[in-house]
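Residue strings, one per chain:
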Amino acid sequence: MTAMSLGIGAWGLVTAMAMVKSGLGVPLSLLMTFTVYAGSAQLAALPLLAAGAPLWLLWATAFCVNLRFVIFSAQWRPYLMHLGRWPRLLHGYMTTDMNFVLFMKRHPRPALASEPALREAQSAYFWGGVLSNWVAWQSASCLGIALADRIPTTWGIGFAGTLALVGLICSLVHDKATVMAAAVSATAAVVAVALPLKLNLVVAIAAAVAMGVVWDHRVNKETA
Amino acid sequence: MNTTGWTAVLALLGLAVITVVTRSFFFMFDREVPLPPALKAGLRYAPLAALMAIVAPEVVLRDGQWLSTWQDPRLWATVVAVGWFAWRRSILGTIVSGSLTLVALNLWWMG
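Top to bottom, those sequences are chains V and U. The first sequence begins at 984 in this note's numbering and counts up by one. The second sequence begins at 2 in this note's numbering and counts up by one.
These are computed hints drawn from the structure, not numbers from a lab. Warning: the hint list may mix true and false statements.
[Stated by the list, open to error] Here chain V is said to cover these stretches of chain U; the calculated rule only asks that three of the stretch's residues, wherever they fall, bring their Cβ under 8 Å from a Cβ of chain V:
1) 10-20
2) 54-66
3) 98-104
All residues carry an ideal CB built from backbone N, CA and C; glycine is no exception.
In isolation and in its complexed conformation, chain V is listed as follows (with noise of 0.2 Å):
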């Protein structure tokens, strides 16, 4: 988690950056880091922000680019489903695509009613990772507020964020299954780059997740 807190520190330092130089001005920017919480969708709707596009547009934009959260959620729903509805909204604004990864590597299988102990260490890995998140992103971001001007962005800074995806995407291959789904992964978002909101990572997801399917069912017949 220190590790990814510096890739996420690293990314919400220049989202933050580009709050105030699309020209959101100081009290927005501040606004949108806190509320949002969301560093793909908050770079992808301030150009649309800046042109004063109508909100239904930019809420669909926003939506779009979400919307391997919304996947992720079916994944999540197993391990939430004892919680109140409250609980579980609070537990989903948290919940970034690092939390998700490093929670399901931990904790592939979700605790039943019987193992209470598996429970609260399920629970105690998940708030300690989205707090350190937390943190890590909202410091940078105002850091990156307060120093919008004063950063060379010639660094090339703003890479290390994608940096600490590939430390963990490297550390999630590991056999013949998960290579293939990165590498189809990899060519189908490469491939639908063109189109609009990022679906190209819509259309990846569900590449990989069809492979998926089709490589465990030819496997469970081998083994069958």
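Given the structure of chain V, go ahead and fit chain U onto it with the hints provided.
This is chain U only, laid out in the frame that chain V set:
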């Protein structure tokens, strides 16, 4: 900045609602939306796929076009980062080695 004042505040609060709704989509309601079991199992590839889909275009494309030169700091930063992971299995080392490569090459090639 053309969306201003209370419209901008409304726009941002709407975006916050979208964050909550998309991230909670399948567990907002008590009733379960049925998904085929094979699809549910396939969803375990979703996290890796999502990360890969974010990263791959960032590495090999510039402004929607393939890289036109091998002298690209992001490309080599990624190569060094992946190499470091293969060698040491450390995520922190992966990020640090990649970032140092990135800044060094940016300063060297881009002046």
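Hints, one by one, checked against the model:
With 10 residues having a Cβ less than 8 Å from any Cβ of chain V, the stretch 10-20 of chain U passes the three-residue criterion, so the hint holds. Restraint check on the stretch 54-66 of chain U versus chain V: 10 residues with Cβ-Cβ distances below 8 Å, three needed, restraint holds. Counting residues of the stretch 98-104 of chain U whose CB falls under 8 Å from any CB of chain V gives 4; the rule of at least 3 is met.
Going through the hint list in order, the structure satisfies each hint without exception.
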